[in-house]
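Undergrad: Required output: the full structure, derived from the provided sequences and hints.
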Amino acid sequence: MEMTISLPISTYESIIDPDWCPGCGDFGVLRGVKMAAGKLGIKPEELFTVSGIGCSSNLPGYIHAYGVHSLHGRAVAVASGIKFANQDMNVVITGGDGDGYGIGLGHFVHAMRRNLDLTYIVMNNQIYGLTTGQASPTTMKEVRTKSTPRGNAEMPLNPIALAIVSGATYVSRAFSGEPRHMADVIAGGIAHKGFALVDVFSPCVTYNKINTYPWFKKRVYKLEDDPDYDATDHQGALTRAYEWGDRIPLGLFYREEQPTYEESEPAMKEGPLVHQKLGLEKELFDDLMEEFV
Amino acid sequence: MREVTLGIGGAAGDGLDKTGDTFAKTASRLGLYLYAYNSYQSIIRGGHIWLRVRMGEEKVYSHGDHLNLLIALNQDTLERHAREVEPGGAVLFNSDKLTLDSSLFESQVLPVPMPVRELLKPLGKTLPVMQNTVSLGAAIFLLGLDFEMMAEVLADTFQHKGQEVVNQNVQVAKAGYNYAKEKFVPLGYEWNFSRIRRPFITGNEAMALGAVAAGCKFYSAYPMTPASTILHWMVAHADRCGIVVKQCEDEIAVANMAVGAGLAGARSMCATSGGGFALMTEAVGQAGMIEAPVVFITVQRGGPSTGIPTKTEQADLNQALGASQGDFPRIIMAPADVTEAYYTAAEALNLADKYQLPVIILSDLLLSEHPETIERDALKPDLVIDRGQLVTEWPEGNGTYKRYAFTESGISPRALPGTKNTVYVSPTDDHDEEGILISDEYTSPPVRRKVQEKRMRKLEGALKELPPPQIEGPEDADITLVGWGSCRGVIREAAEMLRSEGIATNQLHFKYLLPFHAKEALEILNGCRKTIGVEVNYTGQFARHLRSETGFSLDDMVLKYDGEPFEPAFIVNRVKEIVRGESLSLEVTREEAQEIAYHYIRTHLGNSVRPASMQVRNGASAEEPTWSIELVSRKGGEKTGDLIVGQRTGSTYAWQPVSTVSRD
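Residue numbers (the working numbering), protein chains in the order written: chain A, 1 to 293; chain B, 1001 to 1664.
Keep in mind that a hint or two might mislead.
[To be verified] Using 35 Å as the maximum straight-line C-alpha spacing, the simulated DSBU-like pairs for lysine-lysine come out as follows: (1) A:Lys277 x A:Lys43; (2) B:Lys1420 x A:Lys277; (3) B:Lys1420 x B:Lys1511; (4) B:Lys1354 x A:Lys43; (5) B:Lys1402 x A:Lys43; (6) A:Lys269 x A:Lys43; (7) A:Lys43 x B:Lys1183; (8) A:Lys141 x A:Lys218; (9) B:Lys1380 x A:Lys277; (10) B:Lys1183 x A:Lys269; (11) A:Lys39 x B:Lys1402; (12) B:Lys1354 x A:Lys269; (13) B:Lys1464 x A:Lys282; (14) B:Lys1354 x A:Lys282; (15) B:Lys1181 x A:Lys282; (16) A:Lys277 x B:Lys1125; (17) A:Lys282 x B:Lys1380; (18) B:Lys1420 x A:Lys43; (19) A:Lys269 x B:Lys1380; (20) A:Lys282 x B:Lys1161; (21) B:Lys1450 x B:Lys1121; (22) B:Lys1059 x B:Lys1121; (23) B:Lys1059 x B:Lys1183; (24) B:Lys1354 x B:Lys1161; (25) A:Lys218 x A:Lys146; (26) A:Lys277 x B:Lys1354; (27) A:Lys193 x A:Lys269; (28) B:Lys1511 x A:Lys193; (29) B:Lys1181 x B:Lys1059; (30) B:Lys1181 x B:Lys1097; (31) B:Lys1511 x A:Lys282; (32) A:Lys193 x B:Lys1420.
[What the hints assert, rightly or not] Covered stretches of chain B (in silico footprint by chain A; criterion: 3 or more residues with CB under 8 Å from a CB of chain A, positions within the stretch not fixed): (33) 1197 to 1209; (34) 1263 to 1275; (35) 1281 to 1288; (36) 1379 to 1387; (37) 1413 to 1425; (38) 1434 to 1448.
Because the hints were derived from the structure by calculation, they are not lab data.
C-beta: ideal position from N, C-alpha, C; glycine also.
TA: Below you can see the structure in the form of structure tokens.
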């Protein structure tokens, strides 16, 4: 096995400082991504961060790596295209709950059943921050927001359960208030061969006055601390995915080894598409033409 | 020129495609040039399918206006098309099942009833679909084609099912051939078969092949008629050609994946039709903003909304011009024929790379799905692959690599992700030369002005590179027909017909729609005596585009929006009316009244009746003149009632039964 030489977090230092509100959970996630990449020894030119639109989706601008700050909800699709074109890249998608679980939900579900080797970090603050505080797909029931003045009437979406039933092969949750644990969970996701979800509680200090750091701190516990927990047990994972209230689990819910989509693609066996020779040999071309005669 | 047109009509599921294909391949391998058009519906079984194959010793440019031999696979076809067969022609049908009333065809047309059951009896157990093969055999004899060549085609078609199936098909065809030989004389076609085997290929196939030959490595799609056959060709050849073909969950994913792959450095393309393209449009703007090279093919069909999915139209030009918000550079091209479709795919990939922008290819159902014969060397494999200005190395001491450097040409030399020391972010927010956002914290009006100018400037270079439009046909003409996209062939033929009738006509055809050769076009148009636009849409979308680019208004229009492509005579007739100063009549014609009657029969009366005599009456049943269409029983021919259809509005006012009409 190749030796991993870890890199310092300064490797990924961008010239741009984040414009997030002071205290935003996303600072912790940015640090967590850098720590995870450093731990795995991924060089900046081997890392591709892809985001959609929203506060959290500004992340690619704040890390020294290739990046696309794509359209609202489309990060997963754009990232999939990048992975198809260049499978040597470590492609990490960084977005928010509105972006991924709202407008981009279709791509999220299909990407999971496709099992491309992608890591998807969702900075879940249960609110639309950039648009100044409307309800998101993960806003809890009865919570009042700018768009739900009578209290949210809709059930919040359960991303962990959704991921488990949709075929994701690495399903995890972290918390901005636990940076070291988060870095480990993200690193595990990047190292995992297949689609990895890392749902991160990343509190919005400006617009979500319910799901705050202290709110989470009181409730979260780590699955790794439970010696009986088995992350390869599908049913057990689903049961834990529904645990919410006084105790909320963090860590790796579910993991399974499955062939990645890339492995099923003959064209990608010859190495990244971007490095392949273009065009057709005369002989092959003539064969193809013969089919029309 | 010697030429003949065969029509085959039946219901979906009658095996009409295979029959047409066998015939076309046979004629093509004999060295004839073909052009086929299949008028079909969005249905897997039933409906009315109408395939025309026109062939000649010289190149044919459309499916034409004629019908010389009809193979009818059902009663509908006999009733609706037998009358179109020209004197000297023949009508072939299975006489076990169908009856050809003498009122249904012109004199000097030969009825050819085939006793299929009797002919097949000696051959043991056969499939119902083999009635087609019997007819094909007879058609080969009547048209003076070579039976051995058809046997060869049947062998190629069925070899994967084993020799026994091949033998049976050949025997069935031979039975039809021999029967015709025994009972009838050939229709008198004397062919010089060159026996040069030329490709017989559709626009979609040509476009897919052209893209792959030019280095397309990633193709994404969501199934949608009439773009799906690109997906089918691509995926069938993906492994041999080394491309990734991805069917996605929707067109939004299709477009965004293609953008991702293009940005990462793979030659990337996707295709859809108007409805799917509507979903792709935000990603088109994204490609413009982050300067990702991507080719979008949109194959137009009848719209709006779901529209007429299996019918053709050129009504998505406005959509392509207006796809996505904001101003950004895009190139839009509309290839005219199968050969051009091949080269356009390659050209689009080159332009996308060179100018780092989205390129939209506007095709349409006619071009995408009709097969035609092309010369053997028409499609050349050694295509130019121009990836534009690439930065392959960036030494460490070279300073920051600026992905979006402001240059004179507007083109910022591109380092593909992974190139050492060139790390950058591509944002859909507007950004400076380094890709740093100018949308949030660091807004800057002058930087925005310069980056917008830089992007848009790319089109100036592109326009210089693209060939300007030219007059085709005689320089000196009274009429200039102006068209775009797939209409070139049919306009060319119409112009020839008009010239032979003494109306000096030439044509001006446009492939490059954006950027637009406004100066060159205006110069040509100012020199024309009378300009007539020819388009398959209601509003004349290209004429409007032309006006907006040049200020020039065309004198008149020939438009069609019934779902079927132009035929040369349609254009000729309308042009002659325009020349005579006659205004356009929108009244329901006799032929249309008959088709409206068929529509009513199918939807309300079952299959037991057919339209017979028709006449226009004034004011009796409605506030407009009406077509009074007598419907008669298919079996006995006795009158069952009258259908009243408005001559102006086309409204079906009333069904007036004589007595109770039986439904089957």
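Undergrad: Each hint should be assessed against the structure and marked as holding or not.
TA: Results for each hint:
no.: 1; hint: A:Lys277 x A:Lys43; in the structure: holds (26 Å)
no.: 2; hint: B:Lys1420 x A:Lys277; in the structure: holds (21 Å)
no.: 3; hint: B:Lys1420 x B:Lys1511; in the structure: violated (40 Å)
no.: 4; hint: B:Lys1354 x A:Lys43; in the structure: holds (29 Å)
no.: 5; hint: B:Lys1402 x A:Lys43; in the structure: holds (20 Å)
no.: 6; hint: A:Lys269 x A:Lys43; in the structure: holds (23 Å)
no.: 7; hint: A:Lys43 x B:Lys1183; in the structure: violated (82 Å)
no.: 8; hint: A:Lys141 x A:Lys218; in the structure: holds (20 Å)
no.: 9; hint: B:Lys1380 x A:Lys277; in the structure: holds (18 Å)
no.: 10; hint: B:Lys1183 x A:Lys269; in the structure: violated (61 Å)
no.: 11; hint: A:Lys39 x B:Lys1402; in the structure: holds (29 Å)
no.: 12; hint: B:Lys1354 x A:Lys269; in the structure: holds (28 Å)
no.: 13; hint: B:Lys1464 x A:Lys282; in the structure: holds (32 Å)
no.: 14; hint: B:Lys1354 x A:Lys282; in the structure: holds (25 Å)
no.: 15; hint: B:Lys1181 x A:Lys282; in the structure: violated (45 Å)
no.: 16; hint: A:Lys277 x B:Lys1125; in the structure: violated (52 Å)
no.: 17; hint: A:Lys282 x B:Lys1380; in the structure: holds (9 Å)
no.: 18; hint: B:Lys1420 x A:Lys43; in the structure: holds (10 Å)
no.: 19; hint: A:Lys269 x B:Lys1380; in the structure: holds (28 Å)
no.: 20; hint: A:Lys282 x B:Lys1161; in the structure: holds (30 Å)
no.: 21; hint: B:Lys1450 x B:Lys1121; in the structure: violated (81 Å)
no.: 22; hint: B:Lys1059 x B:Lys1121; in the structure: violated (41 Å)
no.: 23; hint: B:Lys1059 x B:Lys1183; in the structure: holds (33 Å)
no.: 24; hint: B:Lys1354 x B:Lys1161; in the structure: violated (48 Å)
no.: 25; hint: A:Lys218 x A:Lys146; in the structure: holds (26 Å)
no.: 26; hint: A:Lys277 x B:Lys1354; in the structure: holds (18 Å)
no.: 27; hint: A:Lys193 x A:Lys269; in the structure: holds (16 Å)
no.: 28; hint: B:Lys1511 x A:Lys193; in the structure: violated (47 Å)
no.: 29; hint: B:Lys1181 x B:Lys1059; in the structure: holds (29 Å)
no.: 30; hint: B:Lys1181 x B:Lys1097; in the structure: holds (22 Å)
no.: 31; hint: B:Lys1511 x A:Lys282; in the structure: holds (29 Å)
no.: 32; hint: A:Lys193 x B:Lys1420; in the structure: holds (25 Å)
no.: 33; hint: 1197 to 1209; in the structure: holds (count 7)
no.: 34; hint: 1263 to 1275; in the structure: holds (count 6)
no.: 35; hint: 1281 to 1288; in the structure: holds (count 3)
no.: 36; hint: 1379 to 1387; in the structure: holds (count 5)
no.: 37; hint: 1413 to 1425; in the structure: holds (count 10)
no.: 38; hint: 1434 to 1448; in the structure: holds (count 4)
The structure fails to meet hints 3, 7, 10, 15, 16, 21, 22, 24 and 28 from the earlier list, while all remaining hints are met.
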